[in-house]
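From first to last, the protein sequence lines are chains A and B.
Under this note's numbering, the residue at position 108 of the first sequence is numbered 108, and the numbers go up by one with no gaps.
Under this note's numbering, the residue at position 312 of the second sequence is numbered 1312, and the numbers go up by one with no gaps.
Simulated from the structure, these hints should not be mistaken for laboratory data.
It cannot be assumed that every hint is accurate.
Claimed, not checked - DSS-like mimics (lysine-lysine), calculated; alpha carbons at most 27 Å apart, straight line:
#: 1; chain 1: B; residue 1: Lys1250; chain 2: B; residue 2: Lys1227
#: 2; chain 1: A; residue 1: Lys173; chain 2: B; residue 2: Lys1166
#: 3; chain 1: B; residue 1: Lys1269; chain 2: B; residue 2: Lys1250
#: 4; chain 1: B; residue 1: Lys1306; chain 2: B; residue 2: Lys1327
#: 5; chain 1: B; residue 1: Lys1297; chain 2: B; residue 2: Lys1327
#: 6; chain 1: B; residue 1: Lys1291; chain 2: B; residue 2: Lys1226
#: 7; chain 1: A; residue 1: Lys102; chain 2: B; residue 2: Lys1069
#: 8; chain 1: B; residue 1: Lys1291; chain 2: B; residue 2: Lys1269
#: 9; chain 1: A; residue 1: Lys102; chain 2: B; residue 2: Lys1033
Remember, it's a predicted structure, so these values are computed and weren't measured experimentally.
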Amino acid sequence: MDWGNLFVIAVGSILINNFVLMRFLGICPYIGVSKSLSSAIGMGMAVIFVMTIASLVSWIVYVYLLDPATNLWGVDLTFLRTISFILVIASLVQFVEMVIQKTAPALYQALGIFLPLITTNCAVLGVAVLNIDEGYNLLEAVVNGIAAGIGFTLALVLMAGIRERLDLANVPKPLQGVPIAFIMAGMMAIAFLGFSGLSVG
Amino acid sequence: MDPSLIGAIASVGGLGLLLGGGLAYASRVFFVKVDPRIEEVDEELPGANCGACGLAGCRQMAVAVVDGKLEATACPVASNDIVAKIAEIMGATVETAEAKVAIVRCQGSPDKCPDRFEYQGFQTCTAEDRVGHGHKACDWGCLGSGDCVAACPFDALVMGADGLPKVLDENCTGCGKCVEACPRDIMDLIPRSADVFIACKNPNKTKAVTAVCEVGCIGCGRCANKKTTPSGQIEMDDTGNLPVFDYSVKDTPLAAVNVCPTNSLVDKKAGQRPKWHIDPTLCNGSGECAKVCPVKKCITETDGGKYVIDPELCISCGLCEPVCPTKAISPVAVTGLRKVG
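All chains should be modelled from the sequences, with the hints used to inform the complete structure.
Listed below in structure tokens is the structure:
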């Protein structure tokens, strides 16, 4: 097993190609749920969870149903990629939500309210599509999913920490609330640009 | 037919069928029984999600009520009707709690209680309070930056021109958000039916209070005197420097408001109360009214053996009305403003 390759994928998704700050995916929850640190952490955990599962299932669906080279009937169905990914991810998240509501009510309390929010989130779909575009195998796809989730959580938690401090700061009236959050997001994206010079391995 | 068309229909249709069927099956297997009463209680609750019950929102409160962990009265925003409805859903009778309303327990506007030093920094009371106990001369005085106003979810607080917050009783739901927000515990809740409260938190003795504030309570204890407030609603606290109101005793101690030398007691309806008048044709000269009147020389005997009320001295307390044997005493319209606490 090529641990080095997996490490490169993970660092790449967490820092260098951070989903929020470099790819600009998942901006809606990034601004919406970053008002308090506790809900940011809850949302982050839910995203890591969903992205991991989405990577796994979408990879299987793509390889065994859609890709003409490997699927059962040898027909090119790759044009169905987006719709089948959305279908699979959404129903899978619904299913997982039901399971944890039944089996782990405490976990449901922590993650439950965030799960429906991210079933059709663009970052989740994005990670599934990118896995295919990059030509990852199953293990690489899952690692990329986890790392993308961690990268999202990192950006979200940093943002929540900054916004909790912004609440106490003397922000000019026209910039209060979301405008100053957008400015902060832009500055964080610039800061994360520094990672693109990072060479791993 | 194009094989990719058949493949597309088959795979997406099959996927949809599989997932849909799977979800339908899962929703039976993993069905969680939810008490239908939770939904009903949740619908009755105000839905403001203010958190005054101590839980995250109305839904959580509904769950707690159905679990029997909370009484319906834990929601300070819900009216008595709503509480009764929830009690009905729960199949129980609940004693209704009296609606509360917020008060500001400080009258120390900058002209009455000056600043000790000039403050520059974050314009929030919480931040100001942390810098040397705040810039006010009085350590208990209102800092006037309106943390309470910002915390109020119902637009029931406004900042007055005198730098003190004002409660709009008609908007106030008694949720207590302002009480939490105030770093100096100046905001308080009292029953809606109560009109008189002590608008000072300074527990110091006379000189220490008068040195910093013109309207601070000096702890003279005259309001708590049994003669002034026979109902016993007012008592002095353990330090003996501040009066404490027992609102379970229903009374409107206007005599206490009148006797307060520093105007620290506030009557919310000051200036709106009617003066009382004795009808000379009905007065039989028994003098019962003069015995109960808490104000000296307010009710006096005339040469003709009748009694009259001096409208200048009358404090509208109304104590004389029920004792009159001939029902000669009645209110007259407000003619002018007496001192406003």
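So, going through the hints one by one against the coordinates:
1. B:Lys1250 - B:Lys1227: holds (17 Å)
2. A:Lys173 - B:Lys1166: Distance of about 24 Å is within 27 Å: holds.
3. B:Lys1269 - B:Lys1250: Judged against 27 Å, a Cα distance of about 16 Å means the pair holds.
4. B:Lys1306 - B:Lys1327: holds (14 Å)
5. B:Lys1297 - B:Lys1327: holds (21 Å)
6. B:Lys1291 - B:Lys1226: Answer holds: Lys1291 of chain B to Lys1226 of chain B is near 15 Å, not above 27 Å.
7. A:Lys102 - B:Lys1069: Roughly 22 Å between the alpha carbons, so the hint for Lys102 of chain A and Lys1069 of chain B holds.
8. B:Lys1291 - B:Lys1269: At roughly 25 Å apart (the allowed maximum being 27 Å), Lys1269 of chain B and Lys1291 of chain B satisfy the hint.
9. A:Lys102 - B:Lys1033: Answer holds: Lys102 of chain A to Lys1033 of chain B is near 9 Å, not above 27 Å.
When each numbered hint is compared with the structure, no violation occurs for any of them.
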